[in-house]
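Visitor: Okay, here's what each chain looks like letter by letter:
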Amino acid sequence: MTAAQPSFKARAEAALADRTLKLAIDRTTGNAERKRAAALAAFPEFEAARARGKAIKDHVIAHLDHYLEMFARNATASGAQVHWAADDAEARAIVTRICLDAKAKIVTRAKSMLGEEIGLPHALADAGIERVETDLAEHIIQLAGEHPSHIIWPAMHRTREQVADLFREGHNPPPEAEDPATMVQSARRVLREKFLGADIGISGANFLVADTGATCTVTNEGNAELTTTPPRIHIVTAGIEKIVPSTAHAMALLRLLVRSATGGELTQYTTFHCGPRRPGDADGPEEMHIVLVDNGRTKMLADEFREMLRCIRCGACMNHCVVYRQIGGHAYGGTYPGPMGSVLTPVLDGLAGSRDLPHACTMNGRCQEVCPVGIPLPTLLRAWRSRGWREGLEPGAVRAGLGLWARLARRPALYRLASRIGVRVLRLFGRGGWIGSLPLAGGWTGYRDLPRPPGRTFMEQYRADQARKEVRK
Amino acid sequence: MSGQPNPRVGLFVTCLVDAIRPQIGFATIQLLEEAGCVVEVPQGQTCCGQPAFNSGDDADAAHLARQTIAAFEGYDQVVLPSGSCAATMVHGYPELLAGDPVWAARARAFAAKTHEITSFLVDVMGFRPDGRRLSASATYHDSCSGLRDLGVAAQPRALLAEIDGLEMRGLEGNDVCCGFGGTFCVKYSSISNAIVTEKAEAIEKTGADLLLAGDLGCLMNMSGKLHRRGAKTRCFHTVEVLAGLADGPAIGEEDRG
Chain A
1 MTAAQPSFKA RAEAALADRT LKLAIDRTTG NAERKRAAAL AAFPEFEAAR ARGKAIKDHV
61 IAHLDHYLEM FARNATASGA QVHWAADDAE ARAIVTRICL DAKAKIVTRA KSMLGEEIGL
121 PHALADAGIE RVETDLAEHI IQLAGEHPSH IIWPAMHRTR EQVADLFREG HNPPPEAEDP
181 ATMVQSARRV LREKFLGADI GISGANFLVA DTGATCTVTN EGNAELTTTP PRIHIVTAGI
241 EKIVPSTAHA MALLRLLVRS ATGGELTQYT TFHCGPRRPG DADGPEEMHI VLVDNGRTKM
301 LADEFREMLR CIRCGACMNH CVVYRQIGGH AYGGTYPGPM GSVLTPVLDG LAGSRDLPHA
361 CTMNGRCQEV CPVGIPLPTL LRAWRSRGWR EGLEPGAVRA GLGLWARLAR RPALYRLASR
421 IGVRVLRLFG RGGWIGSLPL AGGWTGYRDL PRPPGRTFME QYRADQARKE VRK
Chain B
1 MSGQPNPRVG LFVTCLVDAI RPQIGFATIQ LLEEAGCVVE VPQGQTCCGQ PAFNSGDDAD
61 AAHLARQTIA AFEGYDQVVL PSGSCAATMV HGYPELLAGD PVWAARARAF AAKTHEITSF
121 LVDVMGFRPD GRRLSASATY HDSCSGLRDL GVAAQPRALL AEIDGLEMRG LEGNDVCCGF
181 GGTFCVKYSS ISNAIVTEKA EAIEKTGADL LLAGDLGCLM NMSGKLHRRG AKTRCFHTVE
241 VLAGLADGPA IGEEDRG
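Residue numbers (UniProt numbering), protein chains in the order written: chain A, 1 to 473; chain B, 1 to 257.
Here chain A stands alone, though its shape is the one from the complex (with noise of 0.2 Å):
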């Protein structure tokens, strides 16, 4: 993040005047909550096999040393090479070494958030070497030169209206019309050409199993199989929370990812990817090289952000977010946006650069009850906040005012007294029932009338009430 980059409540403030946004955020976080919810409702289990899946990834946490290295051994059995990156530009420097020793000059790419938030996009380029989207959103975004604003969908903020004119500019020759159907036709001839030519393919994880040292992928489109089969080298790139036990493990998980995600039952291509080609088989990768991602992780398993580790990236809390329905991923500025990217992007970025991201919530909930791994959302954004209420990076307007507000209210006499002289002082600056222009206040009054209060503070009327009932007594 550079001092130069638009604050986040000019982003938000851009994206809530793009009207045409807003119609693509509507469309997909529309679709995925009816979807989430239709899967839900055939799916009794549901709350079991979250219980589980909270299990699972809490066992792995607590035993991540002993899952990662039994993963890095199996791993490395298989044929693999395992690579370990502390933090991201490590892990850009060892995927960049690897593609030049190979003399990569196109490499494939299977969508995958880890890519990006360790900046493999940007330093593949640097390196001179070519990238090719695959997941057909990311091609989407590719070709308009953006970053993904959705963990799942990472086009979602274009609409398939604006998606038609980049295919035009983008596709040579043009798709022949604009229905969904050609122009996914048209992506599938241009893409097509490249996974064959394709000197490495780079895929993230969806899953680490433990104990055979494979790893997953999940996609709708086959393109993970397409990026990672056919050239000479495959490299993974994934977080080291991404391990699971087992290929049971991940299985139970994927259930829960699927249905929070998509409101699929299943994605229709799950594939492990174990080890190189082996002696007699058809294809495969010859040189498969699997980089392990910490940047900031081992970090969190100290502190109070532990659970966030749970996180199994399915973007039900963004799909679900009042917030993020009204202003999208982009204007959260980091690699994750929503609900969890406002809990990750300062453990990535720093909290003085995201400040605004734990304090833009309005602690409804919703992110939390559809988690399917529980993660208490709100409680971690709070804890955010909190520090940075003990690190003094809240305002000072915000810290004076807090402050005035506590010295009164932790003084009960008092406070009722300034509870009186201010209700008097508030109707003054209204008529009738309503106050709609109120000093200091526009963050409300410019949005919406205040209700103006009566005379009387509730303290007062009950307190004459009950001197009343003394005298009659």
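Hints are computed from structural coordinates only; laboratory data are not their basis.
Honestly, I wouldn't trust all of these hints.
[What the hints assert, rightly or not] Cross-link-like lysine to aspartate or glutamate pairs, in silico, EDC-like; alpha carbons within 20 Å at most:
#, chain 1, residue 1, chain 2, residue 2
1, A, K103, A, D349
2, A, K22, B, E172
3, B, K205, B, D175
4, B, K187, A, E394
5, A, K194, A, E90
6, A, K22, A, E161
7, A, K103, A, D126
8, A, K469, B, E167
9, A, K299, A, E90
10, A, K35, A, E45
11, A, K299, A, E391
12, A, K103, A, E130
13, A, K105, A, E286
14, A, K22, A, E33
15, A, K35, B, E172
16, A, K35, B, D175
17, B, K232, B, E201
18, B, K205, B, E172
19, B, K187, A, E13
20, A, K103, A, E286
21, A, K105, A, D87
22, A, K22, B, E198
23, B, K232, B, D247
24, B, K232, B, E167
25, A, K299, A, D65
26, A, K299, A, D87
27, A, K299, A, E69
28, B, K187, A, D356
29, A, K194, A, E286
30, A, K299, A, D349
31, A, K469, B, E40
32, A, K469, B, E33
33, A, K35, A, E265
34, A, K22, B, E201
35, A, K473, B, E40
36, A, K54, A, E304
37, B, K205, A, D26
38, B, K232, B, D209
Starting from the structure of chain A, add chain B where the hints point.
Guide: Below, chain B alone, put in the same frame as chain A:
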């Protein structure tokens, strides 16, 4: 649960009701007494501390938590006309004071007897209003903290169903936040406005005479937006309607008294 027929109840009025809509406090007292409770309003109360808690100012929030617990822990039950403030006490206080050797246990004991009003009336007192009549249509917004932190959903609907002549209409997105969020609505006012605008549109679409909810913060947000938009929807706290006050001034209507 005490199971006592006539529990001594400490009413926490909430700072918003105290200043903006005292009638909600009196309606709460009326209902509690009708349900058989002996109600007192401890004078040691101010605000539950939620603004500090949600701003990350844990020290002030913990101070207000201890102050509130000390003022109320002598009662059999503690009741609030707000799911949001009640949730702060039920979940926030034990969290804030978890590391305090003396106060952790007091916070847990206090939390165990603290209730949002409609859930207290139904779940603890088994109360059903009797002889109520109101010829109107109404729609109900589920305020988030009450709904998700305390499970307040069926109770207010069960109570409202006892009112003869009151036609309840479904609200699309009834469990979606109205955009209030405490200080959120002024700190991120344009985002809040976008959210409450959608809420107001959904409310207007019901064509209901009344909008009901269980939290004054949300009601101020929604009623203020509805009024700014020129909608005629009259807004009340659930307890006001249950106490037979829906014939009087709604939120934002000039008090004739």
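Visitor: Each hint should be assessed against the structure and marked as holding or not.
Guide: Outcome of the hint check:
1. At roughly 32 Å between alpha-carbon atoms, K103 of chain A and D349 of chain A are farther apart than 20 Å, so this suggested pair is violated.
2. Between K22 of chain A and E172 of chain B the alpha-carbon distance is near 19 Å, which keeps this suggested pair within the 20 Å criterion.
3. Taken as a hint, the K205 of chain B and D175 of chain B pair is honoured in the structure, with Cα atoms around 16 Å apart against an allowance of 20 Å.
4. For the hint linking K187 of chain B to E394 of chain A, the alpha-carbon distance of about 12 Å falls within 20 Å, and the restraint holds.
5. With a C-alpha separation of about 28 Å, the suggested pairing of K194 of chain A with E90 of chain A is violated against the 20 Å cut-off.
6. In summary, the hint linking K22 of chain A to E161 of chain A is supported, as the alpha carbons are separated by about 14 Å, within the 20 Å threshold.
7. Between K103 of chain A and D126 of chain A the alpha-carbon distance is near 15 Å, which keeps this suggested pair within the 20 Å criterion.
8. Restraint check for K469 of chain A and E167 of chain B: the C-alpha separation of about 38 Å exceeds 20 Å, so the hint is violated.
9. For a cut-off of 20 Å, the pair hint linking K299 of chain A to E90 of chain A stands: about 17 Å separates their Cα positions.
10. Taking the CA atoms of K35 of chain A and E45 of chain A, the gap is about 17 Å. The hint holds against a cut of 20 Å.
11. Using a Cα cut-off of 20 Å, the hinted pair K299 of chain A and E391 of chain A holds, with the two alpha carbons roughly 18 Å apart.
12. Pair hint K103 of chain A plus E130 of chain A holds up; C-alpha atoms about 12 Å apart against a cutoff of 20 Å.
13. For the given pair, K105 of chain A sits about 17 Å from E286 of chain A by alpha-carbon distance, which is consistent with the 20 Å threshold.
14. Distance restraint check for K22 of chain A and E33 of chain A: the Cα-Cα separation of roughly 16 Å lies within the 20 Å cut-off, and the hinted pair is therefore satisfied.
15. Of the pairs offered as hints, the one joining K35 of chain A and E172 of chain B holds, with about 17 Å between alpha carbons and a cut-off of 20 Å not exceeded.
16. About 17 Å separates the Cα atoms of K35 of chain A and D175 of chain B, which keeps this hinted pair within 20 Å; it holds.
17. Restraint check for K232 of chain B and E201 of chain B: satisfied, since their Cα atoms lie roughly 12 Å apart, inside the 20 Å limit.
18. Among the hinted pairs, K205 of chain B with E172 of chain B is consistent with the structure: their alpha-carbon atoms are about 9 Å apart, no more than 20 Å.
19. Pair hint K187 of chain B plus E13 of chain A holds up; C-alpha atoms about 13 Å apart against a cutoff of 20 Å.
20. Pair hint K103 of chain A plus E286 of chain A holds up; C-alpha atoms about 15 Å apart against a cutoff of 20 Å.
21. Using a Cα cut-off of 20 Å, the hinted pair K105 of chain A and D87 of chain A is violated, with the two alpha carbons roughly 25 Å apart.
22. With a CA separation close to 12 Å, the supplied pair K22 of chain A and E198 of chain B stays within the 20 Å bound.
23. Between K232 of chain B and D247 of chain B the alpha-carbon distance is near 15 Å, which keeps this suggested pair within the 20 Å criterion.
24. Annotation: proposed proximity of K232 of chain B to E167 of chain B holds, straight-line Cα distance about 17 Å (limit 20 Å).
25. Restraint check: the Cα-Cα separation between K299 of chain A and D65 of chain A comes to about 13 Å, which is no more than 20 Å; the hinted pair holds.
26. The straight-line distance between the Cα atoms of K299 of chain A and D87 of chain A is roughly 11 Å, inside the 20 Å bound, and the hint therefore holds.
27. Straight-line distance between C-alpha atoms of K299 of chain A and E69 of chain A comes to about 18 Å, which keeps the hinted pair within the 20 Å bound.
28. As the CA atoms of K187 of chain B and D356 of chain A are separated by approximately 10 Å, the hinted pair is consistent with the 20 Å bound.
29. Taken as a hint, the K194 of chain A and E286 of chain A pair is honoured in the structure, with Cα atoms around 19 Å apart against an allowance of 20 Å.
30. Between K299 of chain A and D349 of chain A the CA atoms are separated by roughly 14 Å; this keeps the pair inside 20 Å, and the hint holds.
31. With a C-alpha separation of about 13 Å, the suggested pairing of K469 of chain A with E40 of chain B holds against the 20 Å cut-off.
32. A distance of roughly 16 Å separates the Cα atoms of K469 of chain A and E33 of chain B; the hinted pair therefore holds under the 20 Å criterion.
33. Between the alpha carbons of K35 of chain A and E265 of chain A the distance comes to roughly 11 Å, so the proposed pair stays at or under 20 Å and holds.
34. Taking the CA atoms of K22 of chain A and E201 of chain B, the gap is near 16 Å; set against the 20 Å cutoff, the hint holds.
35. Proximity of K473 of chain A to E40 of chain B is assessed by CA-CA distance (about 17 Å); at most 20 Å being required, the pair is judged to hold.
36. For the suggested pair K54 of chain A and E304 of chain A, the alpha carbons sit about 17 Å apart, so the restraint of at most 20 Å is met.
37. Note on K205 of chain B and D26 of chain A: the hinted pairing holds, with a Cα-Cα distance of about 18 Å set against a maximum of 20 Å.
38. With a CA separation close to 8 Å, the supplied pair K232 of chain B and D209 of chain B stays within the 20 Å bound.
The structure shown violates the earlier hints numbered 1, 5, 8, 21.
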